[in-house]
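Asker: Read off the chains here:
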Amino acid sequence: MFADLSWDVLVMQLFFGLALGSIYVLLASGLSIIYGLLDVVNFAHGTFAMLGAYAVFLAVTLTGSFAVGIASAVVVVAVLGMAAEFVLLKPLYGKDPLLPLLLTFGLSVAIPDFMKIIFGLIGKPVSYPEALSGATTLGPLTFSNYRLFVIFFTLAILISLWLFLKKSDLGMIIRAATRDNLMVQVLGINTSRIWSIGFAIGIGLAALAGAISVPMMAATPDMGVEMTMVAFVVTVVGGLGSLGGAIVGGLLIGVIVAFTSLFAGEYSNVAMYFCMAVILLIRPRGLFGERGRE
Amino acid sequence: MIDPAERQKMLQEVAPGPRSTIVWIAALALAALPLVISVPLATEILIWGISGLGFNLLLGYTGVLSFGHAAYFGLGAYSAGLALRYWKVGLFASLAIGIVSAMLLACFIGALAIRRRGVYFAMISLAFAQMLYFIALSPLKEITRGEDGLTHIPSVAFFSIPLDKPRNLYYFVLAVTVLMLYLTWRVLQSPFGKVLEAYRENEDRARACGYNTTLVKFTSLVLSALFGGLAGALNTLYLSYVPLTTLYWLTSGTIVMMTILGGKGTLLGPLVGAGVFLFLQNTISLYTPRWEAFVGSLFVIIILVFPGGIVGTIREKYMNRKMSKLQHRAAGAGE
Amino acid sequence: MNEKTDQKTSRRNFLKSSAAVAGLSLFGMPSLVTAAPQGAIKYGTMHPLTGPYSAQGADQMKATQLAVEEWNARGGVLGRKIEWIYRDDQLNGAVGLRRAKELIEEEKCDFIGGTLSGAISLAVNEFAAKNRTPFLAYSQNDMALGSDFTKYGFDFMCLPYSAALATSKYAFTKLGKKWFSVTADYKWGHSILEGWIWQSEQMSGQFLGNVYAPLGATDFSTYFTRIMAAKPEVLVINNVGADQTAALKQASELGLTKRMKIVCTKTTLSTLKEVGAAYDENVLGGMTFYSGLRDKYPASKKFLDAYIKKFGQPVEPDGESGYVATNVLFMAMEKAKTTTDKEKIAATMEGMKYTLTKGPEYVRACDHQRVQSYLLVRGKGRKANGWDLADIVEEVPGESIIMSCADNAKNLPFVNVKLPK
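Residue numbers (the numbering used here), protein chains in the order written: chain A, 1 to 294; chain B, 295 to 629; chain C, 630 to 1050.
Check before you lean on any hint, since a few could be wrong.
[As the list claims (entries may be wrong)] Cut-off 30 Å, straight-line C-alpha distance, at most; resulting in silico cross-link-like pairs (DSSO-like, lysine-lysine):
(1) C:K816 <-> B:K435
(2) B:K611 <-> A:K90
(3) B:K382 <-> C:K671
[As the list claims (entries may be wrong)] Covered by chain B, per the in silico footprint, the following chain A stretches (three or more residues, Cβ under 8 Å):
(4) 93-101
(5) 104-114
[To be verified] Footprint (simulated), chain A over chain B, 3 or more residues, beta carbon under 8 Å:
(6) 364-374
(7) 483-489
Keep in mind the hints are simulated off the structure, nothing from the lab.
Positions of the beta carbon are idealized from the N, C-alpha and C atoms, including for glycine.
Chain A on its own, in the form it takes in the complex:
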């Protein structure tokens, strides 16, 4: 099995795995932030990613620019997310903690159907942006430019996120609220607004994941389901509420799925669930999860 595979195939597979994992990281980190801050498991996470994909389609159709497309996708969907949080989730805080999860589940069923009504049943195409198409060759290795973009762009986003959380005042407040919400309130900060912002950031990350994915497939109403599942699996592996866990978990799962496709293609989607089962057996709180939070 290994004999017929040269090293360049393995390196390229690693590359593809990291690109795949980058999308997973964006999804899982958004979910993690939302859970860490609001204690809400966002079952509609993939649905917002799907909205991001459609937003890119609309923006690219109107302006022709992919960059504008991504930026507007993130902003528009994040605002939608904030609105949803305000109208639908805020009334549920303080009540049964399972209610927000159930509500987002309802959204994940209803919203795709509304998208079908508005946009029809056939998916919407978005071409790879000119500047990012083609490939970069290094000897026998060929790296598609778009996937290079995915990896580096995700890295840039993560660094920005880290800087924001560690260095900015708002970031510090968010981190504090994640640790101890009551204390932050006692200090006189309006946590309700913090939560809205945190939710928007999480949703923005999801929208980004959807936006970057869309040239590789098409914007379809049902594309969000699988993305929600992936976000869940990576979060379980990385540890609920841990951003570092989302990153490591996402990349790890991406690479594992890539190599499973190479050796046993038909198992590639079982592979990630298998990882999750293994983690549960040997380290239930996830790679970076905090004890007690599980």
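Following the hints, position chains B and C against chain A.
Answerer: Showing chains B and C alone in chain A's frame:
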């Protein structure tokens, strides 16, 4: 002053358990169901109702949300189907196999994940169900026939009554449903049922009282899987076919929606929920294929405004009226 | 007590809603033909109107509607009007069977049709045969083979292996002999792959390898490393729908479309639209029907004009199958001079010849399979405009891509083909 007997009676009125008469009245109502709606639809309502009863035991009474109940439904369906097709077993054997396999799965998942917090467990259960789905789809497709589903399942007979006639099957399923309903009622009345509710109300306090809360959760999970596996096996009999979608996440989601819609934590909630959900799905899809938009939106509204579901909200309204009546009486008696 | 009242109230609610349903059923569930009086022929169909193939399901439904309306405008069949009922099978086996039960047992349909999923077609076929009701499948399925064949089931698209034989023959003749495939890991994909491998052996093709992708895969980059290493002349894509869209988009992303020709054994208008400019001159797809045929056959033009006039856009091949199926059913009734003798009507459909949407065709008597041509279309890439998305490069005659009656009956054609693990 209120005399103690009076007070006892009032307390019973305020927080009663359902009486067993409910079960028999429900049975009668359901027996008449095929007269108003189609027999296939009625049969499906019962089958989903049974899985909902089990799910409700876990969610409504124990307070644990499992988002992967399709795993028990699907495993029950497949094992019953495989047994019927390849081992040529009879009716009761197939149901038993469905039940036992689902319960074994629940033991496995429970052992791995039951200690986890509520939302964590919900995510894990969903991911496990997905894993089962993908395993049935590809790696095990020699056995499960993957995408195609399991066909060529022979029909069975209840003693001498053939169950491939729709009406016969309906009344058999009805008998099973009534039995399970009664069983649920008995469990809830039993000490174990009370412990479940104690756990739901306040886990820490229940533990402080000396109950092994992990064991409680575990037992509840396995019990709910019993219902799920049974429903799956019955579904196989009903369809003479096992579609892959019995393991799909939307099946889990449907069970959740039906139970919440009907009213979690109520005895009849799951049945009512199954009925309303399937009826809505059936009726709306006659006018537009976009029934999910409606049912999903309805679900969101229910969560926001009527979290008790249909039966729960009705009971609450009734309780409020009862409470104010009691208060009047107490005020009057105190003079 | 209060529970009793709950029960009474919920039962009351339930009865109320049930009464509404009963009332509705008395007036007949919505059919797009106004409910005909007693004496109408009842034809019931089911399509995946929700789910990933809802676009194709919708076309199935619309084309059936067109056919029924055309016949009713001409006075129906032998003086009897047609009452058509359709249902959503949600691409779900359980629901599909429930629809079949409803259509046959509750609605008392005399004939049923539809379905898109091969698996559902097989299950419904089995059920319909048990109830002695003719079933007209609109899908690619293996109903004609071996033990799945029933006296009452007919298929109006094609066998999966036919699609494979048509596309592979073209590929090996015009595109190159070295080929590699990506196959969706379920029965349909496997049937297609079998056809390709068999044809490859017949025509001295060089099979370089295959990767199985699970159904619903969205990232194909991880499969393409193998392909790039193998350096085939032809890349064969054996999947449909969103899977195919993703595969093609990512193939173009990785520059594969410049290095090799890509052949999609079965493709759809939806995929052509979704893939956009990446579906270029190096990508070919197979379909049973495409609007380009209007320039070749007057029947195609007539059918397309009527369909576009009514629905505003061209029809998917799945819809065209439905149109032909519905027409053949009524034509058979007229020929057999009966609208009630189901066995006689079924017997008349065997061997029936007609020209409806393409050239002259027929339904083969021995296995109830419509024998029709298979088209290869080539993408137009950036030159695509509106619904003008592809050029037809070849129409492969139906006779050449279907095995003999004996072979189909024994499920033989590819029994010696060893599928790769």
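Asker: If a hint holds in the structure, say so; if it does not, say that too.
Answerer: Going through the hints against the structure:
| no. | hint | result |
| --- | --- | --- |
| 1 | C:K816 <-> B:K435 | 9 Å, holds |
| 2 | B:K611 <-> A:K90 | 24 Å, holds |
| 3 | B:K382 <-> C:K671 | 37 Å, violated |
| 4 | 93-101 | holds (count 6) |
| 5 | 104-114 | holds (count 10) |
| 6 | 364-374 | violated (count 0) |
| 7 | 483-489 | violated (count 0) |
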